[in-house]
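Given the structure of chain V, go ahead and fit chain B onto it with the hints provided.
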Amino acid sequence: MHRLVWALLIAACGTSSDDRPLELDYLTQAIFAPSCGATQCHSSFKQASNDVFDTPEAVRASLINNGLIRFDSTKYDPDNPNQTDLIIWITETVPFGGIPGADGKPIGRMPYDAPLPNKDVLLLKEWISAQAPGAQCNPDAGTGIAKGHACNSKEVVECNADWTFGARIQLCSGDCIGGECR
Amino acid sequence: MRALLIIVVLAIAGGRAHAYPQFQLTRDATCSGCHISPAGGGLLSENGMNTAEEISALGTNPEFMYGKIPTPEWLQLGGDLRGLWGYLQAPQRYLLGIPMQADIYGAATKGKFSLHVTVGMRPPQQDNEAATYVWAREHYVQWQQEAGAREGLFVRAGRFMPVFGLRWVEHPLYVRRYGGTPLFSDTYGVAAEYVTNRFEAHVTGFLKDPLIDPVRQNSGGAVYGELRLSDKTQIGAGGMVEVSSFDHKFRGALTAKQVLTDALLLQGELQVVNPHVSDYGYTQLVSEVMATYMAPKGLMIDLGWGHYDENIRIKDLDRDSIDLDVHFFATSHIELMIVNRVEFMALGKGGPTGAYSMLQGHYRL
Chain V
0 MHRLVWALLI
10 AACGTSSDDR
20 PLELDYLTQA
30 IFAPSCGATQ
40 CHSSFKQASN
50 DVFDTPEAVR
60 ASLINNGLIR
70 FDSTKYDPDN
80 PNQTDLIIWI
90 TETVPFGGIP
100 GADGKPIGRM
110 PYDAPLPNKD
120 VLLLKEWISA
130 QAPGAQCNPD
140 AGTGIAKGHA
150 CNSKEVVECN
160 ADWTFGARIQ
170 LCSGDCIGGE
180 CR
Chain B
0 MRALLIIVVL
10 AIAGGRAHAY
20 PQFQLTRDAT
30 CSGCHISPAG
40 GGLLSENGMN
50 TAEEISALGT
60 NPEFMYGKIP
70 TPEWLQLGGD
80 LRGLWGYLQA
90 PQRYLLGIPM
100 QADIYGAATK
110 GKFSLHVTVG
120 MRPPQQDNEA
130 ATYVWAREHY
140 VQWQQEAGAR
150 EGLFVRAGRF
160 MPVFGLRWVE
170 HPLYVRRYGG
180 TPLFSDTYGV
190 AAEYVTNRFE
200 AHVTGFLKDP
210 LIDPVRQNSG
220 GAVYGELRLS
230 DKTQIGAGGM
240 VEVSSFDHKF
250 RGALTAKQVL
260 TDALLLQGEL
270 QVVNPHVSDY
280 GYTQLVSEVM
290 ATYMAPKGLM
300 IDLGWGHYDE
310 NIRIKDLDRD
320 SIDLDVHFFA
330 TSHIELMIVN
340 RVEFMALGKG
350 GPTGAYSMLQ
360 GHYRL
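So the sequences go chain by chain: V and B. Heads up: the first sequence begins at 0 in numbering that gives the first Met the number 0, then just goes up one per residue. Heads up: the second sequence begins at 0 in numbering that gives the first Met the number 0, then just goes up one per residue.
One chain only, chain V, in its complex shape (with noise of 0.2 angstroms):
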């Protein structure tokens, strides 16, 4: 009885240790679907802004198609994850210095309604900076060319039918855009 008095205090008070997966669906189920997937936000009920945070497959679309996480080589820095959209929406007080919202005051910070926990945003930049595992890009995106394809930094590569990178197609000189060197 001691013991498991013990084991439950103790796990009550949590530890420093994060052993959490950087793996889309726990993201999914521990952060983005109770936090930004609200019933009256980025709900499957509601996509405002056309943004839905409540599966892993609406996630995954909803990063990569409206740009919350972008791998072009003018974008992407896996050692500045603080640069990418999502992290600027849940981290300042006044994203994007100020976009107005229905009153024509900035909006705030994301959630609006209960921020995420500072352990949270770090996992998600962790997962950003290991290349978003399960959210790297979008199979059908693009046109001619580079549909298929995706930006991996500077590499164009394989667009996996999982939104995952494929095989590497070409090191750009320049830049990488859109699933093209530029």
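It is possible that part of the hints are untrue.
Here are the simulated DSSO-like pairs of lysine-lysine, each with C-alpha atoms no more than 27 angstroms apart in a straight line [stated by the list, open to error]:
1) B:296 x B:348
2) V:104 x V:153
3) V:146 x V:104
4) V:124 x B:248
5) B:296 x B:248
6) B:314 x V:124
7) B:248 x B:207
8) V:124 x B:67
9) V:124 x V:74
In case anyone wonders, no lab produced these hints; they're calculated from the structure.
Just chain B now, with coordinates in the frame of chain V:
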């Protein structure tokens, strides 16, 4: 993007699906004592309307539209309108005013069977506004063992909220938001419910709504029971399983209520949640403790403490809320509320502290 402000703030102040659990034990033993639904919420029974008149400062006829629009005996109508105005800081600061709820309730009864429908305003879906301003959040057929009785066996089939926990009205409470019954998570299901003054038991099986893009992304089942040890003491327990396309969760709940004095109620709910995704399982804690003072002259004051720990193995992922809500039941139909909250993450060191203070108006048709 411009609509985002309203949309997200509505997350704090959206419509309601539940009733006031503060009145259970203090006014009647069961939710079905005052509501025609066995789980509470929505249309009031005759006893519920009498209670609405009794607790309000000025009384007035509590019937639908003050009894000026008579309905046949087999048909019951009602409705709720709510709006909210106030201050929000999380951490950006806003002054805001928003509509919350505009619902019409109807129940048609034939013997032991009844059809219940709630039609009302909903937050429209982006780029599908024309088709999604109005919906029927609840619609179900109910059979009950004894027509019109408040006790006995009830069976419901249709769209409603799975019955679990104390069924708090305040959906920002963690035990609602993170507790298996978030706002508008009503869905299709079947429930068998047995209610007596001494005890009640609810068993619900539910499915992800296949007809719309729903709030609830999972299917599963819930069981919940309450045992009243005396007319002042109640304990409860329950469990819920939720299975989605990518995860599953097990949820256990303990609840308790104690009437301390004629005017003071203490109630609480603790949930232990065990989510699993891929090969990773972990434990969450969700709780609420609330003291309610039933002051004279139509006043009711709630002081609540909520706690949510996203993953008990990881330090500084917990958050706490302190809520102070003051209700004034001016008449049988008009309620004014001042709702206030301060929220801390890891006691102030885990993220920005948030707060709101708002005035809410509620008109019951």
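Hints and how they fare:
For the hint linking residue 296 (chain B) to residue 348 (chain B), the alpha-carbon distance of about 41 angstroms lies beyond 27 angstroms, and the restraint is violated. Between residue 104 (chain V) and residue 153 (chain V) the CA atoms are separated by roughly 38 angstroms; this puts the pair beyond 27 angstroms, and the hint is violated. For the proposed pair residue 146 (chain V) and residue 104 (chain V), the alpha carbon gap of about 39 angstroms is over 27 angstroms, so the pair is violated. With a C-alpha separation of about 26 angstroms, the suggested pair residue 124 (chain V) and residue 248 (chain B) falls inside the 27 angstroms cut-off, and the hint holds.
Proximity of residue 296 (chain B) to residue 248 (chain B) is assessed by CA-CA distance (about 44 angstroms); at most 27 angstroms being required, the pair is judged violated. Annotation: proposed proximity of residue 314 (chain B) to residue 124 (chain V) holds, straight-line Cα distance about 18 angstroms (limit 27 angstroms). At most 27 angstroms may separate the alpha-carbon atoms for a hinted pair to count; residue 248 (chain B) and residue 207 (chain B) meet this at roughly 15 angstroms. Distance hint between residue 124 (chain V) and residue 67 (chain B) is unfulfilled; the C-alpha atoms sit about 61 angstroms from each other, more than 27 angstroms.
Distance check on the hinted pair: residue 124 (chain V) and residue 74 (chain V) sit about 15 angstroms apart at the alpha-carbon level, within 27 angstroms; holds.
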